[in-house]
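Participant: Those protein sequences? They're chains L, U and W, same order as listed.
The working numbering numbers the first residue of the first sequence as 31 and each following residue consecutively.
The working numbering numbers the first residue of the second sequence as 826 and each following residue consecutively.
The working numbering numbers the first residue of the third sequence as 1149 and each following residue consecutively.
Incorrect hints may have been included.
As the list claims (entries may be wrong) - Dumping the calculated EDC-like pairs for lysine to aspartate or glutamate here, alpha-carbon to alpha-carbon at most 16 Å:
id, chain 1, residue 1, chain 2, residue 2
1, W, LYS1243, U, ASP1163
2, L, LYS51, W, GLU1157
3, L, LYS164, W, GLU1217
4, W, LYS1240, U, ASP1222
5, U, LYS1174, W, ASP1235
6, W, LYS1243, L, GLU412
7, W, LYS1240, U, ASP1163
8, L, LYS493, L, GLU412
Claimed, not checked - Some, not all, of what chain U presents toward chain L, calculated at C-beta under 7 Å:
id, residue
9, GLY1028
10, VAL1030
11, ALA1145
12, ALA1148
13, ILE1153
14, LEU1157
15, HIS1164
16, SER1170
17, LYS1174
18, LEU1191
19, SER1192
20, TYR1195
No wet-lab data here; the hints were simulated from the structure.
These numbers come from a predicted model, not from an experiment.
Glycine included, each C-beta is placed from N, C-alpha and C at the ideal position.
Each chain, letter by letter, is given below.
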Amino acid sequence: MNRDAYEAVIGLEVHTHLLTKSKLFCGCSTTFGAGPNENVCPVCMGMPGVLPVLNRRAVELAIRMGLAAHCEITAYSIFDRKSYFYPDLPKGYQISQYETPICKGGYIDLPASGNGEARRIHLTRIHIEEDAGKNIHAENSSLVDFNRSGVPLVEIVSEPDLRSADEAGAYLRQLRAILRYVEASDGKMEEGSFRCDCNVSVRKRGATEYGVKTEIKNLNSFRFVEDAIEYEIGRQIELIESGGKVPQETHLWDPARKETRPMRSKEYANDYRYFPEPDLPPLVVTPAMVENVRATMPELPAARRDRYVKELGLTDYEAGVLIADREVADYFEATLPGLKNRKSAANWVMTEVLRVVHDSGKPIGEAVPPPAEVGMLLHMIEEQKVSLNAAKTAFPAMVKSGKGAAAVIAELGLAQVSDEGAIAAAIDKVLAAEPDKLAEYRAGRDKLYGFFVGAVMKAMGGKANPKMINDLLRAKLAG
Amino acid sequence: MPSELNKLTIAEAAARLRKRDISARELTRDCLDRIAAIDRKLNAFITVCDTDALAQADAADKRLASGDAPALCGIPLGIKDIYATAGVRTTCASRILENFVPPFDATVIERLRADGAVFVGKTNMDEFAMGSSTENSAFGPTLNPHDLSRVAGGSSGGSAAAVAAHECLGALGTDTGGSIREPASFCGVVGIKPTYSRVSRYGVVAYASSLDQVGPFAKSVRDAAIILRTLAGVDPRDSTCSARAVPDYAAALTGDAKGLRIGVPREYFVEGMQPEVEQSIRAALKNFQSLGASLVDISLPHTGYAIAAYYLVATAEASANLARYDGIRYGLRVGADDHIALYQSTRAKGFGAEVKRRIMLGTFALSAGYYDAYYLKGQKVRTLIRNDFERAFEKCDLIVTPVAPTTAFKLGEKTADPLTMYLSDIFTISVNLAGLPGMSIPVGYDANNLPIGMQLIGPPFSEETILRAGDAWERAGALKPRQPAI
Amino acid sequence: MAESKITLEQVRHVALLARLELTPAEEERMRADMAEMLDYVDKLAELDTANVAPTAQVGEAGTPMRDDERTNPPAAEAMLANAPSRDRNYFKVPKIIE
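Pulled out of the complex, with its shape left as it was, chain L reads as follows (with noise of 0.2 Å):
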């Protein structure tokens, strides 16, 4: 199989929930993790009789989404249904936005990586819609919880711009801390407020026709999204090559077998019979609503990254990796108050916290202590009343016992030695006990420094002042 002779072009719709406290048309809560049709009410439960009434947090959020990805904001637009029938769909239609959604065209831009160079994706539209309640398949019979049903979602539609899973995952993951950023959406796959369709084909190279596509429902996971992807493309290629026509099919992700399946039933096999919701009057959003939006919008990733290189002197790797994470990029900005080195604090995220982080599986405000301390650490090192190497002891033994920073160095016995008589004094004894070696250096053998200051900071139990040692060492080595 020639898999270079051919192109992927994959467009993704990623539906995010978002972070309002109540839903989308009714006042029922949007808590994940309630009971059972806890979070219901007439409304969202399609009682009949019922009507809807918009959350205007939901639309600000969404118009948030839209400024952030550069859209163009609808001025008018009307919220549509959308008919199908499915026991977790109450009203038998989903209210949703068709023919004007409220952010047109816009993109999210990929900083360039190992795997690429920088890329521009295009959206096609943002809008606003409700979600379903969920289906839970039991053994003879399937259960309906309507909590998650009304909860607002943004569909977020790109262009087919994508051409591997890679740049998919690439773009998600962009899309994903940008939703987290703005406190559009707390983008959180697990809970189901993540999910992603994709749409793929493929076409030979050079080809300006795209190919008959597959689309891949309710992915949610990134790797799943890959994994996908990369498994859609082969699979098509290869029915290509054999000489078979890819057929517009929907598809489930399999992710035990590592396939894609046609979805069985013919639920999806449908006509949505699109038309304006007669029970609200359409959505206008004023140029001074916009505004005030723009006025309260939190800082961009791109922006933070701009400002991380020029004005905290990071490089450009440095502040990609700590803004890919909203949390971690404010971790990193409570750490720094008081500190002059602001290097070594990112050094110190990247490294130190983000391996425990990582290590925990917890997100960074339960996985190690409050910003605060690993300032006050970082403070003691500036301060040289610890040295690096004790600071990287005490670290772990402040997120196991969630001491602060004073308090472990102390209790380990880890501060640092800056006594100059202590020092002057274990050097001496290094030397008297080292004369061939003494001899050596002084005939010449610069590599021997590095020994003497070893063995200096081993008479010293590792705690004394590398600086000091250093000026005091070289007096004495010069004689």
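Dock chains U and W against chain L, hints included.
Facilitator: What follows is chains U and W alone, placed relative to chain L:
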């Protein structure tokens, strides 16, 4: 000895309740007795709420005694069985909701309760308000109190008949294409369909959301004005409900029709109309002239297209509105092995023939390949119909027409051919498409003693004007009301 | 009369979309009724609406918006009270196959 308090108007009863001349309990008792005596024949009620009604009456008597009594305190009303009433089943005259007990009140029910109104029961109707005769009820047709071999009109036939037969002093209906005005006309009572958005639709089971409107039935224009004032006004639960202030409609009833310019649309006096209907309306117009109003010849050129536009728009909306009846969360369920079959068998069994017909037509009108030719075309013609009225109201203050081309027809007369039935709404449907207020008041009788209704139509939010005109006409005394035969 | 506006096949398709089970007799009757209505609404074709905007609603534009507040306390029991079939606090349906 029957005290016949149930024959009082709301205005009369309210005055006597305030004087403590009568009690709300006595008044309610009389209505309930009347229901017990005649409703087996009339079938105006699906559910009678004896116990609740008497409890409400007692509570009203306490308020009346304490001097804190809003206009409708202690007044027995019939409620169309399309309104969600907490704890009382709301069937919409459908098998699919036969045992549905809503856990909430419709906004207007809440308002009536707050006013101390008494609900004697839930009235019969065409299933999901789809019909013009109340023959499409899963609970059997409501008969016309003036002639039990004839229909009461529909879809709010139960409410109209109940008021005409003095089973209650007033009632609530809903009007999507004439469902208040036509039964009011057939039963000889007053019925108002207010401006679209004037009254909250929250808790009113939806048929066609952009057309449905809540309104009262009453024995006089004044009574209708009193009820309407309680119903109308902004509701944070209905996004389409207008925030405009609600006037004191009863205060607008000056008895004066002088200077009113009354538009008479030539398209509404057509061949095939029952001659007595035309004669009555012409005579009523003469009465208006003698009250000092002037008549203006107007044209509403797209009238002939209204029914076609209506049946595309209304059925399309209905097809979505009725998708929620799936046998999962409430209502009838007919068991099946998989969920698709569950829907199909539940809906097959739960809906009557007319409801199915409209769901089918609406689904078709919205389906891929037909949307533009049917649904969208209907919406465009709707614009033309609105424009007709806008132009007409440049020349007149209100428009007077017949409500229906005929008086009440015989049971079964039009059930064989749906289209024939639809055509009986020819004079009322345009008003819904344009979102205007319309009122039906009795102005005469035909040779069979059957009531004839006159329709008064105004520009948006001109309820005061049409109420004032209707009240002035009524007070002039040209009509000697005849009690129904029952 | 012109050719029928709707075939039996279309009636069956629409009935599936609408999740209505029709008996063969009902299908035939439905076809006839729908054909009559579609013939009737054909009169709209007489009107040139090329430059006419559709009216979907007759109220005012600018949907009101509510504040993002939780106003509904949990009321699972009241919401499940009408359930035709339930399993604990879930609504129960026949097994769904995806």
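Participant: Now tell me, hint by hint, if it's right for this structure.
Facilitator: Against the structure, the hints come out as follows:
{"no.": "1", "hint": "W/LYS1243 / U/ASP1163", "result": "holds, 6 Å"}
{"no.": "2", "hint": "L/LYS51 / W/GLU1157", "result": "violated, 48 Å"}
{"no.": "3", "hint": "L/LYS164 / W/GLU1217", "result": "violated, 23 Å"}
{"no.": "4", "hint": "W/LYS1240 / U/ASP1222", "result": "violated, 57 Å"}
{"no.": "5", "hint": "U/LYS1174 / W/ASP1235", "result": "violated, 24 Å"}
{"no.": "6", "hint": "W/LYS1243 / L/GLU412", "result": "violated, 65 Å"}
{"no.": "7", "hint": "W/LYS1240 / U/ASP1163", "result": "holds, 12 Å"}
{"no.": "8", "hint": "L/LYS493 / L/GLU412", "result": "holds, 15 Å"}
{"no.": "9", "hint": "GLY1028", "result": "holds, 4 Å"}
{"no.": "10", "hint": "VAL1030", "result": "holds, 4 Å"}
{"no.": "11", "hint": "ALA1145", "result": "holds, 5 Å"}
{"no.": "12", "hint": "ALA1148", "result": "holds, 2 Å"}
{"no.": "13", "hint": "ILE1153", "result": "holds, 6 Å"}
{"no.": "14", "hint": "LEU1157", "result": "violated, 13 Å"}
{"no.": "15", "hint": "HIS1164", "result": "holds, 5 Å"}
{"no.": "16", "hint": "SER1170", "result": "violated, 13 Å"}
{"no.": "17", "hint": "LYS1174", "result": "violated, 16 Å"}
{"no.": "18", "hint": "LEU1191", "result": "holds, 4 Å"}
{"no.": "19", "hint": "SER1192", "result": "holds, 5 Å"}
{"no.": "20", "hint": "TYR1195", "result": "violated, 10 Å"}
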